[in-house]
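Using the hints, position chain B against chain A.
Protein chains: 2
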Amino acid sequence: MPAAPRRRRHPARALLACLATLSAAAHADEGMWMAAQLPQIGEQLRQAGYAGDPAALADLTAAPLNAVVRAGGGTGAFVSADGLVLTNHHVAYGVIQYNSTPQRNLIDDGYIAADRAAELPANPDYRVLVTVGFDRVTDQVLGAARGKSGRAYFDAVDAASKRIVAECERETGIRCSVANMYYGTDFYRIRQLELRDLRLVYAPPRAIGNFGDETDNFMWPRHTGDFTLLRAYVGRDGKPAAHSPDNVPYQPPSHLRIAHDGPREGDFAMLAGYPGITYRHRTAAEFAEQVEWTLPARVAVFDQLLAAIERGGAGNAEAATRYASQVQSLKNNRKRAAGELDGLLRSDAVRQRAQDERGMLAATGRGDRRDIDALAGVLAQASAVRERELLLGLLGSQTQLMRSALLLERLRLESARPDAERESGYQARDLALIEGTLKQVQRRYDPAVEKALLAELLGRYQRLPDAQRLPEFDAAFGRTPDALATALDALYAGTALGDEPVRLAAFAAAREGRALPADPLLELAARLIPAQLRLEQERKTRDGELLRLRPAYMRALVAWREQQGGAVYPDANGTLRVSYGRLERLQPRDAVTYAPVTTVAGIAEKHTGQVPFDAPQPLLDAIARGDFGATADPALGTQTVNFLTNLDTTGGNSGSPVLNARGELIGLNFDSNWEAVSASWWFDPRYKRAIHVDMRYMRWLMEQVYPAPHVLREMGL
Amino acid sequence: MPAAPRRRRHPARALLACLATLSAAAHADEGMWMAAQLPQIGEQLRQAGYAGDPAALADLTAAPLNAVVRAGGGTGAFVSADGLVLTNHHVAYGVIQYNSTPQRNLIDDGYIAADRAAELPANPDYRVLVTVGFDRVTDQVLGAARGKSGRAYFDAVDAASKRIVAECERETGIRCSVANMYYGTDFYRIRQLELRDLRLVYAPPRAIGNFGDETDNFMWPRHTGDFTLLRAYVGRDGKPAAHSPDNVPYQPPSHLRIAHDGPREGDFAMLAGYPGITYRHRTAAEFAEQVEWTLPARVAVFDQLLAAIERGGAGNAEAATRYASQVQSLKNNRKRAAGELDGLLRSDAVRQRAQDERGMLAATGRGDRRDIDALAGVLAQASAVRERELLLGLLGSQTQLMRSALLLERLRLESARPDAERESGYQARDLALIEGTLKQVQRRYDPAVEKALLAELLGRYQRLPDAQRLPEFDAAFGRTPDALATALDALYAGTALGDEPVRLAAFAAAREGRALPADPLLELAARLIPAQLRLEQERKTRDGELLRLRPAYMRALVAWREQQGGAVYPDANGTLRVSYGRLERLQPRDAVTYAPVTTVAGIAEKHTGQVPFDAPQPLLDAIARGDFGATADPALGTQTVNFLTNLDTTGGNSGSPVLNARGELIGLNFDSNWEAVSASWWFDPRYKRAIHVDMRYMRWLMEQVYPAPHVLREMGL
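Chains A and B supply the protein sequences, listed in that same order.
Going by my numbering, 439 is the number at position 439 of the first sequence; the sequence numbering is gapless.
Going by my numbering, 275 is the number at position 275 of the second sequence; the sequence numbering is gapless.
Treat the hints with care, as some may be off.
Calculated cross-link-like contacts (lysine to aspartate or glutamate; reagent style DMTMM-like; alpha-carbon spacing at most 25 angstroms) [claimed, not checked]:
id, chain 1, residue 1, chain 2, residue 2
1, A, K335, B, D614
2, A, K335, B, E605
3, A, K540, A, E423
4, A, K239, A, E714
5, B, K606, A, D216
6, A, K606, B, E214
7, A, K606, B, D216
8, B, K540, B, D474
9, B, K439, B, D489
10, B, K606, A, D342
11, A, K606, B, D348
12, B, K335, A, D614
13, B, K335, A, D216
14, A, K606, B, D342
15, B, K606, A, E214
16, B, K335, A, E605
17, B, K335, A, D213
18, A, K606, B, D303
19, B, K331, A, E605
20, A, K606, B, E292
Okay, the calculated beta carbon distance ranges per label pair [as the list claims (entries may be wrong)]:
id, chain 1, residue 1, chain 2, residue 2, range
21, B, Q103, A, W293, 38 to 44 angstroms
22, B, G133, A, A635, 54 to 60 angstroms
23, B, R104, A, K331, 41 to 47 angstroms
24, A, Q617, B, T321, 44 to 50 angstroms
Simulated from the structure, these hints should not be mistaken for lab results.
The beta carbon of each residue, even a glycine, is placed where N, CA and C say it ideally should be.
Only chain A is shown next, with the shape it has when bound in the complex:
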């Protein structure tokens, strides 16, 4: 123990320390709130500048939140009474691509439907989901689980959820899901209208919608017109229907109205959307593991896999081509992991989370403490096998023939059971995806590279401590690099899985549960799968325990925040959330300040004439003319393009509408800044920003550059 301090701590100092913890733990601008929580934080909302009634935001099946929809992989919003959906260009990219041909390249040229007849049908799997029900089903989900533990707890929750979904989906045109809030504390049944006939109404050219592309991705200042307008259609009966020329525009229960003026620095802003996943309420131990082990380990192993691909493909131009996409993906993942690590270190997140948790635990009663201790034990079990889990995961995702063999053998096993009892991923509805995976091997495989990747991954496996060993793997690959090399050489010299017909013949057998052809890799898979199944069982047992124990941690955290005068939002899980804040500048580095609003001057500055900075001539001409009229910012005296807020977002928030204090649409979320890449774990108000298309830019483009006056009229402009 440290020596007793010479001075007693002054109460005012203690208070200051406490306030510091509070502000670190619950920043005024942090929060992905469930709609139902908004009345609870109404006072904060009003203080931040919201002019409407927070109570009116509580029901996500009523206006204005029922105008916010799930669109493709992101978010969208209705912006007209006739079903116009506004979302990002990158969220609707598949729709634009689907309608493009070499002769009519809508990606490059953009598209304006002259009238409704000219609206182009989206790819048939494109969906817009309108939330029509959000009901608490915690008791139904947990009823049968209570008293159980481990795998049994997991299975009980899983079975109850599936039952609720199946029952709910009896209604046609409705898609249902059960959302797990606060890590197993609460469960909600979500009912969504599944709109299946979407059509392309307006898309800007790529060089506007994706101006800057990868170079500007995650970057601010930004100058991208990342928006597209679709229209939802339904059958004549008003019900969701597949595409048909007879369908009629969907009449949404409400739609957002575009503001006539734009925002300025400091102005209130709020956003609604479907953020995918965050880890903000994970334990201090999980934070420490992420920073001290997971992210550095990911960076290191990605580096080594990149080196292995380089090694395996040296002097082989065709191999380089085949692995180009895997290399790109590894580099991106490495960059993300390194960026997340940098950010968490810069924010001192581990120390702050630990300090906050110590305070919380001191204020937590014995009952929950017991569960929290047990939770720590389960997490420690998982940590004990983390390196093996990382390596086995990569064994599946970073190889082609090895992955195919494991997939085929597992499919053979699962196919012997009734479809409903099969592991998800191996059910009848997954077969097309599996077949696709097996087919694409041809374009992405080279034996020397795959052996180099496996030598790297399994070499690392060989160096694991005994506690993490798997007898099946040791038997198959030996325990020395030489044994491994010999085993790999024999496997890849003997396997015929490199031939597509052989893989597809094995697939035909596997999907019917029949014996697979004789092949060294398939025989190896048959020997390894028992280990895989055993680990899966262990994982589900742990997951069941986590599901059972985390609620105690969440209860303690909610109580702790209440004591500090704050509320707790559930970590993001793909359900509708609202965040609020303001337009705020960014000071990312010493002496550098980025204003929160960009202007068209920046487009001309960035323009090089080369992709991705090849602004179209009509845009450059319009900028040079300077004829901005009503869409110009009165203070800046020019046309704005993008703006920056401190809103709390993550992946899935693409296309989220940004509203002003009066609830009018001022922007469209499309990205966040590089400094915020660690925000999925830790919200640092100094660095967390979200990047939006200014609706005035969209209006100006649609008025002056690629005019669509009929669409503007429909949006009330």
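For chain B alone, coordinates are given in the frame of chain A:
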């Protein structure tokens, strides 16, 4: 002619247009003033915030300006009564390098002389020059030239200048030069005390003095401690002397005092130094040529030479090594040319200069107009052969054997004449340099690459119009690519100049005017040199005409500026100049603002542990301790590092002292920003900035990090 305008131009509009021209032509902050001009612009200086008497600055041989010296290739200043000279780390780099050994690496470790005995002698050719005389000699220089033209005018000016220098340098320890101001309008004899015994007193480690290196070069925000302290010694008689242990510290006539507080945004600042060359007062036609031809042509030819080196060295790792430095230099030159082009386009310099010149010409009398028209004619003659001049220049600078052959043959010709009559560059004092050039060929030559470079350059020559052809070149290389390739193959198959002994034998013959050995490349050089001499004669004839005619242009410009209420500084020519302005932020791009002061936080942010961002541990520790004391900025509450002003600088201003309104030393100039790379032609107040070391950072390093209390005391700190 355009149709008559419907409205007559309103007088107020005409006035506004005129004012716009005025402000464009003479920005308040633009100007590299001669000391003698400062009383003339005294009112501006006072309005800008200068608290002293501008008249006291008029004499550059009196305090404070006689404390500002030429040091190495840059500027320095006396900062103690015992001859301490403060300059940049990069300006004193040769001195540090000269004293470094593998065992005692002063570059990496820095150096602190514990006492005077420990001060380390500089390389013997390092000089510090103290200006002790600055006298107008226009009449002596131009007396014999008047009435002449062309080459005769050039030779008369050249001969008079050489006479003045020779006479002046009869005094021992004095170096003299004749400076041409306003392009031949005025001439000044400059007398400088030549201090030859310099010693290293204090240098920070490379990772401070050159923190960021090439990556941060031209960049702001910056975090570099680019300073070093030397001491000048003289003989016991007080006269300049070569290094000797008996020498004593030089007692300068005055020295600068370091300010106790530091500057803030908006504060007045001024700077004195030796800027090398600017082109601000060139004609509108020269501006247009620079932007429309010279810079694009340079970018294009550098790209093609880079491609040629790539092509010629393909698959040859040794060739890649040999040409690495040439490739780097071509890339740097390409980057500079492209940056200058970008800047001039961004500033709309061509249009603005042309508009300004039109106004000037309209206000100019017939006599000067005649000379200005004649000047335009001479410039047009030069333009007519510009592409050939560019190619022949590169033929000399970008080849090794070809250059050696031309050098040797020319040396042979010149060596037949008395030394004083030889072309400069081929005199006795140049022989060591020529020998060095011939020796280094070995490390920088590959025949395939040289042939590829020549094929590129001479291929471009072959495509020139007939008016630019040279019979000697056509005879040597033919007029088709095939003929060229055949000629090059024969030359390089036959030449022995690739062998150093052969080159040195030829050198021994050439320096004595003897016949050179038989060698195809030397024989080629003998056939080409007559063309080279003819072009040189043409060039000198044009230069004489430019020297005769530009003064009319300058007179017209000075009169035009007087009419606008402004004064004209001469374009930079390596003589002492003063500029004044203030600390000013930079807004280089849309939505980006750089504060004018950086802090140590930025060092920690940039630190990666890898060169060039490998801040030394003692510095990182001191930053973490945060013990900044008296050197901390009171408003920022932390230690500043560098600051940014709008002062007018160019190459040669490295090491210039930056003074506050009271004439106290607040900073040390060491770089400018990338956006200002075009400022040698056009001063754009939006983008022109200069980057300085904050003297508080130097003090803090010398107090807290690498302490040298005795040196601080000597500087009065």
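Those earlier numbered hints the structure runs against, lowest number first: none
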